[in-house]
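Single-letter residue listing:
2 protein chains.
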Amino acid sequence: MKMIEDNRKPADVLDDLYLAERRRAIVELVQMQGRVAVTELSQRFGVSEVTIRADLQALAEQKLLVRTHGGAVRIDNDLGEMALALRRQRQVKEKSRIGQAGAERIEEGDAVFLDSSSTSLAIAHHLKQHRYVTVVTNSLEVVHELFNAPGVDVVLVGGVLQRETASFVGAHGLEEIARLNLQKGFFGAHGVDLLAGLTDVSPDEAAVKRPIAALCRQVIAVLDATKWGRVGVASFATLDQVSVIITDAGAPGEMVAAVRARGVEVATV
Amino acid sequence: MKMIEDNRKPADVLDDLYLAERRRAIVELVQMQGRVAVTELSQRFGVSEVTIRADLQALAEQKLLVRTHGGAVRIDNDLGEMALALRRQRQVKEKSRIGQAGAERIEEGDAVFLDSSSTSLAIAHHLKQHRYVTVVTNSLEVVHELFNAPGVDVVLVGGVLQRETASFVGAHGLEEIARLNLQKGFFGAHGVDLLAGLTDVSPDEAAVKRPIAALCRQVIAVLDATKWGRVGVASFATLDQVSVIITDAGAPGEMVAAVRARGVEVATV
DNA sequence: TGCAAAAATCGAAAGCAAATGAAAATGATT
DNA sequence: AATCATTTTCATTTGCTTTCGATTTTTGCA
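Line by line, the protein sequences are chains P and U.
Quick note on our numbering: the first sequence kicks off at -13 and runs consecutively.
Quick note on our numbering: the second sequence kicks off at -13 and runs consecutively.
Rather than coming from a laboratory, the hints here were simulated on the basis of the structure.
Remember, predicted model here, so these are calculated numbers, not experimental data.
Mixed in with the good hints, there may be bad ones.
Treat identical chains as interchangeable: a pair holds within one or across any two.
Said to hold, decoys possible - Taking lysine to aspartate or glutamate pairs in the DMTMM-like style, the calculated list, with each CA pair at most 20 Å apart, reads:
| hint | residue 1 | residue 2 |
| --- | --- | --- |
| 1 | K49 | E14 |
| 2 | K49 | E7 |
| 3 | K114 | E93 |
| 4 | K114 | E150 |
| 5 | K170 | E251 |
| 6 | K170 | D139 |
| 7 | K114 | D139 |
| 8 | K170 | E90 |
Work out the full structure: start from the sequences and follow the hints.
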C-alpha cells in the first residue's frame, strides 16, 4: 500500500536558490534523511525533475551521494556496515535505563572502563554528551559508539578480535592501562553469585576483565534481573571487589539483601 | 534614482582604496548573508553589473567566496567528515591495484601488519578471501573491513583513539606483538626519500609504526606515485629497512632507480 | 509463483530567458 | 596624453524547462 503524502506546504518550498546552494542543500538532506526522492526534491526546490536529476548525477560523480532509481541515498560510510552486522544488540541499547543510571555516575575528569557487554554499550551511548572523560574499553562497539563524541577520549585495550562479541581479548598493553588511574569500571556479567562473584561465559573475556577489575577503584556491575544467581564458567571479580551493582526491578529480594549484607551497594532503576 | 558619491579623490592611493573597499564590503556581505546577487550588489554600490562580476571573479580567485550564476555564496568550510570521505575517494583505482598487488604477496599462514593508511585498507579489502592469515593492525577501518572475513585472525594494537585517522596510537601492548613473528609489514607513508626513508605527518603514528617496522622480517611500503620525494615530519623506517616498495606507474624514474640501487625492490602496478 | 501491462523514472534534445565575458567606449584623475 | 576603473554593446554560455521516446520498476492478472 502506498502512503499518500499531502504536500501542500508552500512554506517548505525553497525557491530561487543558486545551483550551488541547492546542491549543498541536497547533500545535507541526503545526509540527514539517508534517502531522497527526485519528486520530493523537485517540489521542495521548485525546479523540474530533470534539473534534480542533473544535480544528483553531478553529486554522485563527486561521490557525495549514491544515485538510485527515483532518488539517491546516503553514501555508505566507513562504519555503517559494522552497524548493520551488529544491529541486534543496538536495539537493546536504546531501551536500557541501566545505561542511563551508569552514565550518571561518571563525572568530568573520570577515567572509566567499559567492557564489551550490551549494558556497557548503553552507558557509552549516554556518555556522548560528556566532556573530559576518558573511556578505556575492549569493545569495538563502544569505540564505534563514541567515535563521534569529541569530548570523550577513548583508549582501546588491544588484542585478538572476537567476532561474536566484537571485542578484543588477550590482555595486550595492560601495563599502559595500569598507569591510567581508573576511577570506575563498569562490567556486565553473565551472572552474579555470592560465592563465584561476577562471572562470564568466556574465559578469554574474563581474562581481560580480571586484571582490569583489580585496577579500578570502584567496580560497578551492571546487570539486568535475570543475571542474579547465575554462574558462568569464569569468575573475574569477587563480591568483595564489587562496590556497586546497578540492576532493574525484578532482582530477587533475598539475593539483593544478601549482597547488601556483604557491603555492596545495590541500585535499582 | 542614482546614488552619486561625491568622490573628490584626494590622492592616488585612495583610488585603489575605493575598489578594495567595495570588495571588502562584498566579502562581508557574503559572509553575513550567505549569498549575494549581482543585481543586488550593482544597485547597492551604484556600479554596473559588469563591475560587480569582475569583483566577484577576483574574490572567487582569492577563495573568499564561491561564484554562482547570478551571484555568489559563502565558502563552505563545513564538515571535516565530508573532507575525510572525499580524501578517501581519491585515486581509488590506483590504490585498489596497489592493494591487490600487496594482497598477492601474502601467503597462507602469514602474519602481517597493516597500518592505518588507505592503501593498507585496500590490501585488507583484497585479503577478505584469504585463509589462515593473521593481520596485526592499529587501524579501526582495517578491523572493520576484516570483521566479516572469518579466515583472517585480527589483532588490534591498542592505544588512544585518533579520530582523524581512525587509528590507535600509544604503543600499547608491543611486547605481545613482538611474540607474533610478523613476516611482512605493509606501511603507507606520507613520503619516501633517500635520506629520510619512510615518513609520516603524525609523530604519534610514526611512533607506533617505528617499533613494528623493526619487528617485521619484510617491510613493504605501499605508495602511490605522488609520494615520491615528499618528506613528512617523522621518519619511521630507513630505506635500508625497506624490502619492497609497491607503487603505481608515474613514479619518477630517477628516484626509482636510486632506490633500486640501494637494494630495494620496486614493484610497479 | 510467473509474466505482461501499467506506471514511474530516465536521458537526450530543443528552446528560452537570464547571466556572462570579451572588447571597445567612456570618463575621471594624474 | 596616459592610466585605470567603469560602462556599453553583443555574441555566447548557463540554468532551467518542456517534450518525447527509451528504460526500469511496480502492479495486475493468471
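Quick rundown of the hints versus the structure:
Within a single copy, K49 and E14 get their C-alpha atoms as close as 14 Å, which meets the 20 Å cut-off; across copies the closest is 22 Å, which misses it. Within a single copy, K49 and E7 get their C-alpha atoms as close as 17 Å, and across copies as close as 17 Å, so both meet the 20 Å cut-off. Taking CA atoms no more than 20 Å apart as the test, K114 paired with E93 passes inside one copy only; the shortest distance there is 13 Å, against 42 Å between copies. Taking the closest pair of Cα atoms, K114 and E150 come within 20 Å of each other only across two copies (18 Å); inside a single copy the shortest separation is 25 Å, beyond that limit.
In this assembly of identical chains, K170 and E251 lie within 20 Å of each other by CA distance solely inside one copy; the values are 14 Å within and 51 Å between copies. Taking the shortest alpha-carbon separations for K170 and D139, only the intra-copy value of 15 Å comes in at or below 20 Å, while the best inter-copy value is 31 Å. Within a single copy, K114 and D139 get their C-alpha atoms as close as 11 Å, which meets the 20 Å cut-off; across copies the closest is 31 Å, which misses it. Taking CA atoms no more than 20 Å apart as the test, K170 paired with E90 passes inside one copy only; the shortest distance there is 12 Å, against 46 Å between copies.
Comparing the model with each numbered hint stated earlier shows that all of them hold.
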